[in-house]
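J.: Kindly generate the complete structure, drawing on both the sequences and the hints.
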Amino acid sequence: MKKNIFVFFIIISFLFLNFSVKADIPHFLDFKYVLNNSDAGKKAQNFLQNKLTKGLENLKKKEKEIQDNEKKIIQQKKVLSTEDYKKRVNELRSSVSKLQKERNNLLETVSKQRTSARNELLKALNPIIKDYMNEKKIRMVIDKKSLLLADQNLDITKEITSRLNKKLKSIKFK
21 MKKNIFVFFI IISFLFLNFS VKADIPHFLD FKYVLNNSDA GKKAQNFLQN KLTKGLENLK
81 KKEKEIQDNE KKIIQQKKVL STEDYKKRVN ELRSSVSKLQ KERNNLLETV SKQRTSARNE
141 LLKALNPIIK DYMNEKKIRM VIDKKSLLLA DQNLDITKEI TSRLNKKLKS IKFK
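Numbering-wise (the working numbering), the sequence shown opens with residue 21 and increments by one.
A portion of the hints provided could be inaccurate.
[Said to hold, decoys possible] The list that follows gives simulated cross-link-like pairs (lysine-lysine, DSS-like), each with its CA atoms no further than 30 Å apart:
(1) Lys143 x Lys84
(2) Lys80 x Lys62
(3) Lys81 x Lys63
Hints are computed from structural coordinates only; laboratory data are not their basis.
T.: Here it is in structure tokens:
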């Protein structure tokens with residue numbers, strides 16, 4: 021009878037030990053995958069890519085106009101007076117300067133919006149990860165890029181992505 025009780029306590033001890041060891045094993049998450057492949061992340065990327073593409077196309081049209089204007093000025097150099105020629109060259113330089121500012125503003129705006137979208141995704145992602153950790157009794161989650169090698173059973177990326185998709189459908193841009 022005492023042996024049975026002793027064996028019972030040993031078995032229970034191993035079960036508790038097994039659960040606590042499992043909770044102490046760090047799991048990993050591929051943040052880049054979650055941010056790029058979640059529904060909100062994909063929509064944000066498409067929006068920003070379209071904005072950048074359209075902006076760059078618009079800038080190329082303006083650049084082409086400036087180049088055409090430059091060719092006209094060069095062709096008219098002998099016909100124009102020195103003052104008119106200098107005036108047109110200065111206008112051309114001003115146009116080039118404005119174009120460069122527009123390009124920089126476009127890139128800066130898209131960069132700021134990308135950072136804002138990333139921060140909003142991370143803000144929505146943190147409580148999801150915390151809830152998942154509490155639910156599965158996980159004590160540590162590591163970013164996949166920090167790992168050298170790990171068991172794929174410890175990867176929680178797809179589950180977290182699925183939960184993020186349910187919680188956050190899209191990101192609003194300002």
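J.: Indicate, hint by hint, whether the structure satisfies it.
T.: Now the hints, each set against the structure:
The suggested pairing of Lys143 with Lys84 is violated, with an alpha-carbon distance near 43 Å, which exceeds 30 Å. For the hint pairing Lys80 with Lys62, the CA-to-CA distance comes to about 27 Å; that is within 30 Å, so the pair holds. Of the pairs offered as hints, the one joining Lys81 and Lys63 holds, with about 27 Å between alpha carbons and a cut-off of 30 Å not exceeded.
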